[in-house]
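So the sequences go chain by chain: Y and F.
Here the working numbering is used: the first residue of the first sequence is 3, the next is one more, and so on.
Here the working numbering is used: the first residue of the second sequence is 32, the next is one more, and so on.
Check the hints yourself; a few may be wrong.
[Claimed, not checked] For lysine-lysine, the following DSS-like pairs were computed, each having C-alpha atoms within a straight-line distance of at most 27 Å:
#1 Y:7 x F:82
#2 F:82 x Y:103
#3 Y:73 x Y:60
#4 Y:7 x Y:103
#5 F:93 x Y:103
Hints listed in this document are in silico derivations from the structure and should not be mistaken for laboratory results.
Fair warning: this is a prediction, and the values are worked out from it, not measured in the lab.
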Amino acid sequence: QQQVKQSPQSLIVQKGGISIINCAYENTAFDYFPWYQQFPGKGPALLIAIRPDVSEKKEGRFTISFNKSAKQFSLHIMDSQPGDSATYFCAARNGAGNNRKLIWGLGTSLAVNP
Amino acid sequence: NAGVMQNPRHLVRRRGQEARLRCSPMKGHSHVYWYRQLPEEGLKFMVYLQKENIIDESGMPKERFSAEFPKEGPSILRIQQVVRGDSAAYFCASSPVGGSGANVLTFGAGSRLTVL
Chain Y
3 QQQVKQSPQS
13 LIVQKGGISI
23 INCAYENTAF
33 DYFPWYQQFP
43 GKGPALLIAI
53 RPDVSEKKEG
63 RFTISFNKSA
73 KQFSLHIMDS
83 QPGDSATYFC
93 AARNGAGNNR
103 KLIWGLGTSL
113 AVNP
Chain F
32 NAGVMQNPRH
42 LVRRRGQEAR
52 LRCSPMKGHS
62 HVYWYRQLPE
72 EGLKFMVYLQ
82 KENIIDESGM
92 PKERFSAEFP
102 KEGPSILRIQ
112 QVVRGDSAAY
122 FCASSPVGGS
132 GANVLTFGAG
142 SRLTVL
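The task is simple: from the sequences and hints, build the whole structure.
Structural data, given as structure tokens:
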């Protein structure tokens, strides 16, 4: 059972375009939603994160849009660059209890063509 | 601050041998997580540990796999009697106890296990 569903599995975007990756969740106890970026041969690194009390968070060219009622959140990469080519993972954390384990999406492989 | 250090970066074992993967968390971090990643697949949670305690091992296979995070020294993921299906990249991540960074996982570069 995939608690965080991520789409698309792969994405090809032209340089300068907008990359959009979507995630959906079921558990309303989730209270923290990060996005991680992973380059080949490297470990994932935190890109940007949001809590459900805000609908949008922007850091440079990266924006998270959060829709609490629809239980969906998305990553938008504006002015996509070839250097953005990587695998992107969304995740969610259950705020209840002491277990800080993240629940992960299956990842989206992004390729930005020059 | 050297970040999360994993070693070895690459490990080759024959079927039936043991694999030991080590992870030194970031300075000041006392929570460690182990993940497994197969090619073209996502991160699969294995185990979450604090110093001397296993908090959540729901993702760890019941047989052949074990993990520890002793009071002194690195966290160790141990795989006994390895099989070809154990070939994967194993990532360790750490996080601090509390504060604004408590939710942020810092990952190591991974240990790539190949079972011949």
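Evaluated hints:
1. Distance restraint check for residue 7 of chain Y and residue 82 of chain F: the Cα-Cα separation of roughly 32 Å exceeds the 27 Å cut-off, and the hinted pair is therefore not satisfied.
2. Restraint check: the Cα-Cα separation between residue 82 of chain F and residue 103 of chain Y comes to about 16 Å, which is no more than 27 Å; the hinted pair holds.
3. Between residue 73 of chain Y and residue 60 of chain Y, the direct Cα distance comes to roughly 19 Å. Compliance with the 27 Å bound is thereby established for this hinted pair.
4. With a CA separation close to 17 Å, the supplied pair residue 7 of chain Y and residue 103 of chain Y stays within the 27 Å bound.
5. Taking the CA atoms of residue 93 of chain F and residue 103 of chain Y, the gap is about 19 Å. The hint holds against a cut of 27 Å.
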